[in-house]
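Trainee: Listed in order, the protein sequences are those of chains U and P.
When we follow the working numbering, the leftmost residue of the first sequence carries the number 1, and every step to the right adds one.
When we follow the working numbering, the leftmost residue of the second sequence carries the number 1, and every step to the right adds one.
In short, the hints are calculated from the structure, not lab data.
Computed from a predicted structure; not experimentally measured.
Misleading hints may appear alongside valid ones.
All copies of an identical chain are treated as equivalent in the list; a pair is satisfied when it fits inside any one copy or across any two copies.
No more than 25 Å apart at the CA atoms, straight line, and that leaves these computed lysine-lysine pairs for BS3-like [stated by the list, open to error]:
1. 88 with 203
2. 88 with 25
3. 176 with 201
4. 251 with 161
Number of protein chains: 2
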Amino acid sequence: MQKKPLILVSNDDGIDAPGLFFLVKALRRIARVTVVAPSIQQSAVGHAITVRTPLRAYEFHRDGVPLGYAVDGTPADCVKLGIRTLLKEKPDLIISGINDGLNTAVNVIYSGTVSAATEGTILGIPSVSVSLEFTPKPDFEPAARFSAKLAKFVLRQGLPKDTILNVNVPAIPTEKIKGVRYTRQGRSRWDDEFYQRKDPKNKDYYWLAGKMHVFDHEEDVDQIALKSGYISVTPIHFDLTHYQFLEKMRKEWNGKFKIQL
Amino acid sequence: MQKKPLILVSNDDGIDAPGLFFLVKALRRIARVTVVAPSIQQSAVGHAITVRTPLRAYEFHRDGVPLGYAVDGTPADCVKLGIRTLLKEKPDLIISGINDGLNTAVNVIYSGTVSAATEGTILGIPSVSVSLEFTPKPDFEPAARFSAKLAKFVLRQGLPKDTILNVNVPAIPTEKIKGVRYTRQGRSRWDDEFYQRKDPKNKDYYWLAGKMHVFDHEEDVDQIALKSGYISVTPIHFDLTHYQFLEKMRKEWNGKFKIQL
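Put together the whole structure using the sequences plus the hints.
Mentor: As structure tokens, this is what we get:
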């Protein structure tokens, strides 16, 4: 009998997050699952890795059963350490999530959830990140069931080299979800605002706030697909080259911009 | 008389880093310069932003003269807080660096230096990151002079919306630098290795090490341009959509992958 595939699960909300719990539960129906996740909340850490200090990993149990490892580090650290050292076997798939809040538009580059999947892809393993729209009482079940379906599909189908799937699920009742839409990353960004306050010693401190400014309206954009009741699946990569402008630079800048150092 | 342009300088090596000192010195010849940089070393923080704790900013002086602000945060925090709160005037340009070590290939996504420039671009300001190849006794002067020349050019010429310039300078004598090459981001990545050791209490800890595995050989790739004696200038953006695969998914996946939740 063939061994069941192995899925590595990580996240950025921490190893005890409900989103991870429901994801693991759903994935266990189709695979063996090992978790390597941050020991504490790591939201908005971007693609941070820990290089200046050592990392610690702790075996983690739930209901007396081994779940995997908690790591005192970032999501990308978890995946690196998991693949390179902690896991005895290379996983067939990595799923990061389920994040409590969307990772659409510019959030993709701030997202620890996405960075865990990106790191998996860098290490040559098909990787998916899953996020659920924020809502006060989130129900992770539909997103978890979708993750298991997508996992099964990706395990069979594979993903092209250096391609990550970034999945976002709207926080609406299951029966209202219209289907899947394959989308591009939107251009919406934050109207940042810093609360400026005084501490007990009368010194200034600043705290980031602000709200998302939605610039997009086209149907094939992540944010808009969600608004229309679809699960958004965006294929992303980590070649950040702006090829269009590169071509222009090569044609036009070479003549204009000379260096003498 | 027209006011001189204002350049905001940040980095990830910290406000007292030599690379920043030489950059500021060179830029002061062509512009007014304000620094908003991390109070301590922030390498490999990726595009992290601080959302769960408040930030502090301190006026910072050098030789009794105001230089700008040190922030207890990441490079992206510095740029956000600088633009939104600390600076009384919107800068005309942001330069992040000069980093002590290259930010080529996959390092672009781990880089705090690049993330400061990316954040500047998100906020609508033309932004450039500059890194110098690591060498035991770095000479930041040539890279600083190049940065000033490029700054002058970009101030005149502008940059397209959402486009960052990622500059890498080889650590070779000035007279050996052959010129500028407009490049794409390479595919080289790290062969990670974790040192696994025991602490004084006989507990395991892990420390990330490893070396860069250069996969690329084409002349128009960042890493190879540097090896050939050129300064590498890569235009990058933060739309991570994998458009090629997106098209394929829309054609081929729609039929194959159905959801019933």
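Trainee: Confirm or reject each hint.
Mentor: For each hint, the structure was consulted:
1. For a Cα distance limit of 25 Å, the shortest separation of residue 88 from residue 203 across copies, 20 Å, qualifies, whereas the shortest one inside one copy, 51 Å, does not.
2. Taking the closest pair of Cα atoms, residue 88 and residue 25 come within 25 Å of each other only inside a single copy of the chain (22 Å); across copies the shortest separation is 52 Å, beyond that limit.
3. Taking the closest pair of Cα atoms, residue 176 and residue 201 never come within 25 Å of each other, the shortest separation being 52 Å inside a single copy and 55 Å across copies.
4. Taking the shortest alpha-carbon separations for residue 251 and residue 161, only the inter-copy value of 19 Å comes in at or below 25 Å, while the best intra-copy value is 30 Å.
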